[in-house]
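*Asks:* Each chain, written out:
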Amino acid sequence: MGNDTVIGLEIHVQLLTKTKIFCNCSTDYFDQEPNSHTCPVCLGLPGSLPVLNKKAVDFAILTALALNCHINESNIFHRKNYFYPDLPKAYQISQFDRPLAENGFLEIRTEKSAESRNIRINRAHMEEDAGKLIHLERDGKTSSSLVDYNRSGIPLLEIVTEPDIQSSEEAIVFLQTLRSIVQYLGVCDGNLERGSMRCDANISIRNKENGELGTKTELKNMNSFRAIRQALDFEITRQRRLIEQGGKVLQETRRWDESSGKTVFMRSKEEALDYRYFPEPDLLPLFISQSWIESIENNIPELPDERKERFMKDYKLPHYDANRLVEVKPLGDYFERAAKNYNNYKQLANWILGELLCYLGQENIDIDKSPITPVALIELLELIDRGVISGKIAKNIFEEMFKTGQSAALLVEKSGSTQISNKEEIDDIIEKVVRDNCETVQDYISGKEKAIHFLVGQVMRYTKGRAQPDMVLSLLRERIDKT
Amino acid sequence: MPLNELSVVDYLNKMNNREISAEQVLKDIFNQIDRIDKTVKSYLYLNKEEALSEAKKIDQKIKNNDIPPLAGLPVAINDNICTGGMETTAASRILKGFIPPYDATVIKRIKDAGGIIIGKTNLDEFAMGISNENSAFQITLNPWDRTRVPGGASGGSAAAVAADETLIALGTDTGGSVRLPASFCGISAIKPTYGRISRYGVIGCASSLEQIGIMGKGIKDLAILMNVISGYDELDSTSSHISTPDFLLSCREGINNLKFGIPKEFFSQDLDRGVKEKVIDSINRISQLGGKIEEVSLPNMEYALPAYSIIAMAEASSNLAKFDGISYGLRIEDSGDLEEMYLKTRGSGFGAEVIRRILLGTYVLTSNHYEDYYLKAQKIRSLIKKDFENVFKKFDLLIGPASPVPPFKLGEKEDEPLAQILAEIYTSPVNMAGLPAISINCGFTEKERLPVGLQIIGPPFQEEKILRVAYNLEQELKEINSVKPDLSF
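Chains V and F are the protein sequences, given in the same order.
Heads up: the first sequence begins at 29 in the working numbering, then just goes up one per residue.
Heads up: the second sequence begins at 78 in the working numbering, then just goes up one per residue.
Keep in mind that the hints are not guaranteed to be accurate.
Said to hold, decoys possible - Which bits of chain V does chain F cover? Going by a derived footprint, with three or more residues having C-beta under 8 Å, they are:
| id | region |
| --- | --- |
| 1 | 78-90 |
| 2 | 106-112 |
| 3 | 117-129 |
| 4 | 307-314 |
| 5 | 372-380 |
As the list claims (entries may be wrong) - Computed Cβ-Cβ distance ranges for the label pairs, DEER-style:
| id | chain 1 | residue 1 | chain 2 | residue 2 | range |
| --- | --- | --- | --- | --- | --- |
| 6 | F | Asp449 | V | His347 | 56 to 62 Å |
| 7 | V | Phe315 | F | Lys561 | 49 to 55 Å |
| 8 | F | Lys341 | V | Pro313 | 41 to 47 Å |
| 9 | V | His163 | F | Asp449 | 56 to 62 Å |
| 10 | F | Tyr309 | V | Leu164 | 41 to 47 Å |
| 11 | V | Thr265 | F | Tyr309 | 57 to 63 Å |
| 12 | V | Thr243 | F | Thr443 | 23 to 29 Å |
| 13 | V | Ile162 | F | Ile432 | 46 to 52 Å |
Just so you know, the hints here were simulated from the structure itself, not pulled from any lab data.
If you're wondering where the values come from, they're calculated on a predicted model, not measured in any experiment.
We treat Cβ as the ideally placed atom computed from N, Cα and C, and that holds for glycine.
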């Protein structure tokens with residue numbers, strides 16, 4: 029091949045303020061009655077004026093600081109003029125040549141590479157979200173379109189990277205790392221499917237021999253990590269093939285089409301809109317003082333990297349476990365809530381990363397809505413530790429707990445699956461197994477060591493797994509040696 | 078005397094003395110409107126029933142000794158200020174049928190103080206114009222001479238005040254839109270400092286220039302309403318936190334030893350001789366009252382008008398882009414697809430002058446031309462601000478004409494887009510610098526007996542000083558101003 033992939037990302041992060049960026053409407057719009065969270069301001073009614081929500085600025089500064097950006101003292105909002113039915117004022121209040129933050133970086137580490145790399149952040153600026161169009165269909169055609177302005181005016185932070193990303197894998201890791209950070213900061217829930225985090229990408233191929241950067245295309249409409257990876261891979265391959273075949277990449281915007289698995293042409297450079305940016309006269313310039321920045325800087329919460337180090341140190345977890353636990357903040361929180369009253373940390377991590385994530389994944393439930401609470405989980409783990417149930421049985425109990433929400437103790441009692449630690453009870457069963465399997469017993473006596481495991485299995489079968497295998501083994505040896 | 082001829086000062090006195098009732102005054106006003114507004118055409122919408130029922134409520138309150146500050150004062154509102162439940166069109170077809178679900182902040186403050194909104198007055202469409210001839214619905218006539226224009230953009234409010242169809246009115250001033258019609262209609266009007274009065278609820282056209290103004294029969298009347306509607310509003314980020322003084326108190330003091338600058342650029346060849354005479358006459362009277370008069374220069378004034386036009390048009394093109402026929406206002410339905418509906422709605426919803434300004438405004442903001450026009454205009458704006466700052470280091474106030482010409486004939490300037498703007502030559506620099514200014518009637522031209530307005534300009538938030546001088550001058554000119562337009566038609 030001999031050519032490099034060059035990717036830059038533009039990420040829109042919805043900021044989790046209680047109210048919208050320029051009015052007092054609630055931002056809790058998802059799954060709400062259309063247009064129920066609106067007012068003259070976010071509907072763009074004649075005469076209405078925007079008033080900046082300071083909390084949105086706080087969140088934007090916080091995020092920019094976590095991305096190692098320089099915060100500009102003097103900020104100006106601009107109008108980005110374009111016409112679209114979901115944009116009630118026919119302009120978006122955004123930032124142009126005086127963005128909130130510039131010149132940052134984010135450190136990422138892919139699974140393949142041993143070393144971490146910095147992806148530079150060009151800028152981060154504040155803007156408002158638009159409404160949403162709902163297209164009604166009849167006979168496969170759009171019969172009418174409706175507008176829901178609940179999303180109109182949700183605060184956004186647009187983060188633009190330099191073209192430092194070299195593969196779709198790196199792009200995904202960058203986005204996962206970023207998502208993890210905004211979740212830790214509490215500024216965004218990072219949900220790509222719901223659109224609280226959205227990503228566009230600029231892609232081009234650099235000629236390795238002469239170092240020349242190829243023409244870039246812009247990719248839109250990727251609504252999941254999977255879609256981003258597929259879209260980037262498709263587009264990279266498309267551009268490489270084009271170049272190899274002596275063709276030319278055209279500067280254009282392309283849309284990821286999920287159903288066909290292709291990127292498709294949207295508009296060319298010539299059709300690009302002239303946004304006629306100019307300073308928003310309805311808002312005053314925003315001055316961000318050093319003390320404002322400091323007050324936020326002093327309150328940056330623990331970030332995923334720091335937490336990972338702490339998990340490895342305090343809980344003696346291996347890097348892999350710690351890394352996976354901290355990536356999604358609520359998962360790390362879950363672990364820590366459980367670890368408060370339970371100190372077999374490695375076993376705890378295994379169960380969370382294994383069983384729990386598996387079941388949650390199957391049912392598509394978020395960790396903070398897990399039917400098994402941290403307290404309930406450690407109750408189960410303690411039963412294993414005390415030898416009341418075996419690890420194998422614990423897995424069945426776990427499944428029941430997950431389905432019913434009942435406690436481990438209750439389920440164990442109900443199913444009678446407490447381990448038999450009563451020697452006499454087991455002795456009776458051993459007696460029966462030895463009598464019924466004379467040949468195998470003879471094989472063992474004559475030196476076939478393995479034959480005893482068959483007998484252990486038989487005992488376990490009769491006890492429905494409730495006996496401790498070690499104990500059964502030694503009791504069996506004792507019994508046969510006696511004869 | 079019919080009660081519709083009262084000044085606000087007299088109205089409040091008589092109400093406080095229980096000599097009159099709010100209902101009686103309203104009835105006289107609506108009688109006057111019934112009698113003459115078919116001809117003068119000041120109003121686009123009358124709020125008669127609701128106003129009368131409000132008046133009864135306030136009269137009842139007063140009987141119980143609960144007198145609100147404005148005591149049922151009837152106020153007319155320019156139709157580009159949103160009034161909840163009342164159609165608000167900005168005199169544009171595109172907003173026909175738009176009933177705002179909320180009150181502008183000034184409306185809320187007037188209502189809270191016990192004022193009554195009697196109706197919505199005519200203006201040039203989206204406040205773009207100098208004659209009221211750009212209204213989509215009707216042309217208001219000048220009560221002094223019905224062959225002439227009342228001035229614009231807030232011409233409906235000016236004519237309504239001059240013709241005693243209200244006691245006082247609100248207008249908006251983007252480049253002279255309350256001062257110019259006040260000058261043409263022989264009344265007084267103040268455009269306060271940018272930020273003094275909340276713009277929340279004004280149908281925005283040139284957001285960085287426009288400010289709500291008050292139009293009335295006397296200076297104290299303006300001060301009274303200033304007291305009610307001024308002050309910071311959390312709904313308007315550009316409104317100022319500066320405290321609101323009692324503007325009425327400022328009318329008590331004399332003007333001895335105040336220093337007045339006379340900008341020579343305001344007496345250029347564009348200035349009509351008849352207007353000039355009256356303005357100079359008033360300057361002499363101010364001098365006799367103890368004011369110190371000196372000529373000054375605002376060297377960048379010649380660039381003010383083009384720069385003002387670019388900024389106003391640029392902002393308007395953006396502010397008016399949202400009117401698409403979807404959520405409110407006009408929609409032309411007879412078209413096949415969505416795009417055609419947009420085109421037809423906007424094409425027939427806007428008048429010629431508005432379309433001209435949208436096109437020019439769009440052009441100057443395109444990335445290819447931004448630096449040549451918009452950016453340069455902003456630089457000139459800074460220079461103009463500096464010019465004013467410099468003269469206000471030495472002078473308390475500036476004095477000059479409000480308009481270069483007296484009211485002109487209907488249709489006279491219709492086909493002259495440039496003349497539309499030229500009339501604002503002395504008023505628009507004030508908006509560029511965000512300063513407060515007043516226009517007060519200072520007499521009538523010798524030949525045609527047409528009203529002439531004197532403009533007094535002050536530094537930011539010095540409305541008190543302006544009102545003080547205007548009031549002193551008003552007392553001097555009492556005899557001249559006792560003349561009323563002949564409305565016996």
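*Asks:* A separate judgement is required for each hint: does it hold in the structure or not?
*Replies:* Cross-check of the supplied hints:
no.: 1; hint: 78-90; in the structure: holds (count 3)
no.: 2; hint: 106-112; in the structure: holds (count 3)
no.: 3; hint: 117-129; in the structure: holds (count 3)
no.: 4; hint: 307-314; in the structure: holds (count 4)
no.: 5; hint: 372-380; in the structure: violated (count 0)
no.: 6; hint: Asp449(F) - His347(V): 56 to 62 Å; in the structure: holds (59 Å)
no.: 7; hint: Phe315(V) - Lys561(F): 49 to 55 Å; in the structure: holds (52 Å)
no.: 8; hint: Lys341(F) - Pro313(V): 41 to 47 Å; in the structure: violated (34 Å)
no.: 9; hint: His163(V) - Asp449(F): 56 to 62 Å; in the structure: violated (41 Å)
no.: 10; hint: Tyr309(F) - Leu164(V): 41 to 47 Å; in the structure: holds (45 Å)
no.: 11; hint: Thr265(V) - Tyr309(F): 57 to 63 Å; in the structure: holds (59 Å)
no.: 12; hint: Thr243(V) - Thr443(F): 23 to 29 Å; in the structure: holds (24 Å)
no.: 13; hint: Ile162(V) - Ile432(F): 46 to 52 Å; in the structure: violated (33 Å)
Checked against the numbered hints listed earlier, the structure breaks hints 5, 8, 9 and 13; every other hint is satisfied.
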